[in-house]
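Chain residues, written in single-letter form:
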Amino acid sequence: MSGFSVVISQTSQKPIYRQIEEQVVSLIVSGELGEGMELPSIRSLARDLRISVITTKRAYDDLEAEGFVTTVVGKGTYVSVKNKELFRERKLRSIEDKLEEAAEEAKEIGMDLPDLQAALAILYGGKTDGNDPEG
Amino acid sequence: METILRVENLSKRFPGFTLDGVGFQVPRGTVMGFIGRNGAGKTTTIKLIMNLLKRDGGLVEVFGLDTEKHGAAVREKIGFVYDELFFYGMLTGEQMRRAVAPHYRGWDEDRFRRYALDFELDLKKPVEKLSKGQKTKLSLAIALSHGAELIVMDEPTSGLDPVFRAELLDVLYAVIQDDRKSVFFSTHITADLEKIADYITFIDGGRMVFSESKDAVMDRYRIVRGPAGAMTSEVRPLCVGTRSTASGFEALTERVEEMAPIVGPRAVVERATLDDIMVYTAGRQADA
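First to last, the sequence lines map onto chains V and R. Its first residue numbered 1, the first sequence is counted upward by one per residue in my numbering. Its first residue numbered 1001, the second sequence is counted upward by one per residue in my numbering.
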């Protein structure tokens, strides 16, 4: 369960079950929560987040209905991206959003399309300058 | 889902106060918070559930058993935590345990010892010398030690500091890790319910206001604040209640989508707390 981390806001307008769903989907889409990984039980999650069981249950039920997790009665809830199409769609949307953001920022500083495409090619192929500060 | 506690059309008449038409259901494995002003009828309802008062009408069933007909069987399965341990005043916690334990077939001594340890209770002290918080913990330790599957509490944290309340919340969260256990508690400290409660039952003036899932209630109401001029006769009927000052208005509404376009962009919309809902709703029953 090392990839699991959900942080909720009590003051946000967004209902808590929705916050949980979005964060779990995000973790799955980013790969931090891998296929087959077990989620915390609805009761222990309620305790850890200090919310109600009915809220965590709703979040897990919605995630299951969307095909992101499977609950095995008596065992637990596991990441199971049943609908590969759906998963791919989510990823594509996330990629589009990020590319759109990059395009906007490039325009802001007057970077032209060929330069942007060149940058993307470098990043896609892996870091070529070998001076990755993160090591 | 199995219903652990079923209350239907409960009524009780006193000179000067009437409880009427009170009804709600607590499913197994859930926590229901019971809210209402002082004098709204919370303690009366709980006393009726616990058979400490005789009802005038209606039905109370615990685990499918009528509490009046099956008092002894029901008592085994309910753990009751309430405000007054005065009855045991001069006894120590240890003596109280010895008095109480034999009455329960399901008494688990080891479990009681463990709770007493976790709650840091001095069982050699006379109960009347314990602080209010310690009395509550002792009551809870006993309630949790006889195999009770329904914990009923009447204002367990009134008069207690936030640190104690947080500790009690931890204990309740530990209790509900077992999905066979259910909790029903009355309180006017609604912040705790906003966290742990699955369902909220709200009574006012001896009558039901609502009994619903907490999420449904919290999602439905909003607090809207805006400039004084925006609280027009068109807006007012959309609100459960309003509070107007020279600086502006504050209102509770269930119809924020209709209100928002009318009050304009300067208005602020926030989620309502249970306190807001209680304050703006209570007293309206009298008008209605």
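One or more hints might be untrue.
[What the hints assert, rightly or not] List time: in silico DSSO-like cross-link candidates among lysine-lysine, alpha-carbon distance up to 30 angstroms:
1) Lys1125/R with Lys1077/R
2) Lys75/V with Lys1195/R
3) Lys1181/R with Lys57/V
4) Lys1054/R with Lys1077/R
5) Lys75/V with Lys1054/R
6) Lys1069/R with Lys1195/R
7) Lys57/V with Lys1077/R
8) Lys1195/R with Lys57/V
9) Lys1069/R with Lys1181/R
These aren't lab readings, by the way, just hints derived from the structure by calculation. No experiment lies behind these values; they were computed from the predicted model shown.
- Query: Which hints, by number, does the structure contradict?
  - Reply: When the structure is compared with the hints, numbers 5, 6 turn out to be violated.
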